[in-house]
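Visitor: Fit chain B to the given chain A structure using the hints.
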Amino acid sequence: MIYFDYAATTPVDKEVLETYIKANQNFFGNSTALHKLGIEAEYMYQKAKKEMFELFKLKNYEAIYTMNATEANNIALFGIARKSKTGRIITTTIEHPSVKKVMLELQKEGYDVVFLDVDEEGLISLDDLEKAMTKDTLLVSIIGVNNIAGSIQNLKEISKIVRKYPKAKLHVDLVQALGRIDIDFQDLDLFTFSSHKIYGLKGLGVLCFKSNLDLVPILFGSSVQLGLKPGTVDVPSIIANTKALKLLFQDQNRNYNYVKDLNLTLRSAIKELPILINSPKGASPYILNISLPNYNGETTQRLLEEKGFCVGTGSSCSSKTKEVEPTIYAMYKDEKRAKNSIRISFSYHNSKEDVLKLAEALKEIVHV
Amino acid sequence: MYNIILVRYGEMTLKKANYKEFLKVINANIKRKLKKFPQLKFTNTDYRFYIHLNGEDYLEVIKVLDTISGLASYSPCFKTTSDLEEIGKQSVALIQYEQLVGKTFKVETKRSDKSYPLTSLEITKNVAGLILRDIKLEVDVHNPDFILNVELRNEGTYIYLRNYLGLGGLPAGTGGSGLLMMSGGIDSPVAGFLALKKGITLKAIHFASPPYTSDLALQKVIDLTKEISKYSEYEKMELLVVPFTEIQTSIQKDCNPTYLITLMRRAMYKIAEQVALKEGMSIIVNGESVGQVASQTVESMMVVNEVTNFPVIRPLVTYDKQEIVDIAKKINTYEVSILPYEDCCTVFVPKHPVIRPTVERAKKEETKYEMNDLIKEAISNIKRIVLSYNEEYFVGGEDKDKYEI
Chain A
461 MIYFDYAATT PVDKEVLETY IKANQNFFGN STALHKLGIE AEYMYQKAKK EMFELFKLKN
521 YEAIYTMNAT EANNIALFGI ARKSKTGRII TTTIEHPSVK KVMLELQKEG YDVVFLDVDE
581 EGLISLDDLE KAMTKDTLLV SIIGVNNIAG SIQNLKEISK IVRKYPKAKL HVDLVQALGR
641 IDIDFQDLDL FTFSSHKIYG LKGLGVLCFK SNLDLVPILF GSSVQLGLKP GTVDVPSIIA
701 NTKALKLLFQ DQNRNYNYVK DLNLTLRSAI KELPILINSP KGASPYILNI SLPNYNGETT
761 QRLLEEKGFC VGTGSSCSSK TKEVEPTIYA MYKDEKRAKN SIRISFSYHN SKEDVLKLAE
821 ALKEIVHV
Chain B
13 MYNIILVRYG EMTLKKANYK EFLKVINANI KRKLKKFPQL KFTNTDYRFY IHLNGEDYLE
73 VIKVLDTISG LASYSPCFKT TSDLEEIGKQ SVALIQYEQL VGKTFKVETK RSDKSYPLTS
133 LEITKNVAGL ILRDIKLEVD VHNPDFILNV ELRNEGTYIY LRNYLGLGGL PAGTGGSGLL
193 MMSGGIDSPV AGFLALKKGI TLKAIHFASP PYTSDLALQK VIDLTKEISK YSEYEKMELL
253 VVPFTEIQTS IQKDCNPTYL ITLMRRAMYK IAEQVALKEG MSIIVNGESV GQVASQTVES
313 MMVVNEVTNF PVIRPLVTYD KQEIVDIAKK INTYEVSILP YEDCCTVFVP KHPVIRPTVE
373 RAKKEETKYE MNDLIKEAIS NIKRIVLSYN EEYFVGGEDK DKYEI
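Residue numbers (our numbering), protein chains in the order written: chain A, 461 to 828; chain B, 13 to 417.
Just chain A, with the same shape it has in the complex:
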């Protein structure tokens, strides 16, 4: 099976796994315990956090380790919104369900939630954002790299606009962006990512935010992790996450160029076929979303599976619901195109040969 669904999840890196196993043996103590093993675990927890922020070149930020990015997004968004009883919250129509569904909840709670639409490039209009901003805007939450089409939002400019309103905080879901494209983290008030998308382990999400932000908790228990994610801290996973980040950051540019080449190879190999390319030109090279003319996404996925390929349809977190893929629909307002879309996502693990084989398989499926 050739795997092209790296945006859904990545296999754990061998070195990361070794780090995890070693950490589980050496630092299994509860980080809140006062004996030596506890103190060592606490020390390693703080060290892993510190080294992570060094990679991000950030000072005065805090990190909360959660179960996954969904939980991290929930803690972040409710945490900021509920500091005020009312107010405006701005987001987009192409968010991951872990943001979108929270927004719908907040709307029920009475917040004035504005969904910014995107153009065919999958980008919000900065003008729209400027117009939507008000002095009682509490939060702007925008996905950095969209998980379906790979469109990259202009975070620099978005941040400049949000900064003009001192009350408003900018949250960015970086799940598909981290370690893949360059990010100026200090432009963001809060951001989230997931370890299993960066060759780390499943079961760990991360929320980073400026230390001076006082989030309102949605979970209750001990005072561990600022009381925002109470419960025993998974120190080995946190250590492994820092390892994964180190490896990824060290090779980010090389990987980027390599994957970009794979992406261009596939684009050009299917250029003559009756296949619509949904990912914009400026999208992250790690994601290529396409629509076949004759099958819906799920059928295409199964046909490719028969031929030995794993690809994605929609967000894997909602792939079992039957709704039209919202991001592609938002971009092209074309129901069939959205329904027929599949997501091919790359890694440095893929070879050019694999990509050409995939192109062949697609050609067979569209009967050319």
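Source of the hints: derived by calculation from the structure; they are not laboratory data. For clarity, every value in this text was computed on a predicted model and none was experimentally measured. A portion of the hints provided could be inaccurate.
[Claimed, not checked] In silico lysine-lysine, BS3-like type, Cα no more than 30 Å apart, as pairs:
hint, chain 1, residue 1, chain 2, residue 2
1, A, K620, B, K148
2, B, K48, A, K507
3, A, K507, B, K412
4, B, K248, B, K342
5, B, K414, A, K706
Guide: Below, chain B alone, put in the same frame as chain A:
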């Protein structure tokens, strides 16, 4: 916005004959401690030191300056030409940068470039005029929100708004050397900090009583020593750990319990004296403060101190607890100091320690245990830990790879 930091030396400027020596040491200290900022360039005159930022973050640099003893104050400046229009323009930019528009201000000018055609007062008036032309501010010469300082010197003009107070004291490494008795409580790190501030080079001595005291208690002492080592010349400090269990248990077994603390402290002083001599240090420093606990009454101090002719310096002797806590918080040791681990002074505490001990009685009690042999043995088993402010040290963590991620 800022391109230079103007640094002013402290008390050492009162020195006459050996001023140049102090100057050499403090300039070397500043340069060494700022090594981690590769873009910085340094220049100095006899009474001022200039740090050229070349793009480095001035606030980060100031954080390091805050650990350098012997400095009176520093101001981040914008250095420009002596052209009045330019001075006005840059002053406006600086005021906007510091978000001071709308406040009240006054301009103060110093002119050491005596060839400059205008007097200080004329410059002040001109610069204020140029600023008021461009932004909304109000002049208040009596009680302004901020002062814009303009210094015209031969090499250029320095404009600045803020004056950060330095640590004071004397340059690290110019004050001789001492042995700090380090318990792990709130007071001893503060006493150590005050001695370091006066330029005294320190090593620390700690009395550990395993298994009654834990590795964690030792870790706490290590962390505290490491924390104050940032004020030393090379950001390093040695910690000498004395195995003290035998002495304590012997005293407890054989001597009058009311004298336990007195005898224990006399033994500590004896050990400190011998170690200080061996290490070539001139004084002993500790965190004692009058009346804080039974062993720190002046009578107790006299009886304990009687064992040594070495000068014992107690920087905190007249400080109130709250004053000590305030400093501990400022130097980042308080949070560590209050961690709840037993130390050798808290494990063996008699119910009713003697408050006014006498030398005769102490001496008599001491004959009841093998004091000299035990002291000799303790000294020969001292463990030396070299700590560096920038390096983690974990008790039992000799296997450094274990902690690598």
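Visitor: Does each hint hold? Answer for all of them.
Guide: Tested hints:
no.: 1; hint: A:K620 to B:K148; verdict: holds (25 Å)
no.: 2; hint: B:K48 to A:K507; verdict: holds (20 Å)
no.: 3; hint: A:K507 to B:K412; verdict: holds (13 Å)
no.: 4; hint: B:K248 to B:K342; verdict: holds (20 Å)
no.: 5; hint: B:K414 to A:K706; verdict: holds (17 Å)
Checked against the numbered hints above, the structure violates none of them.
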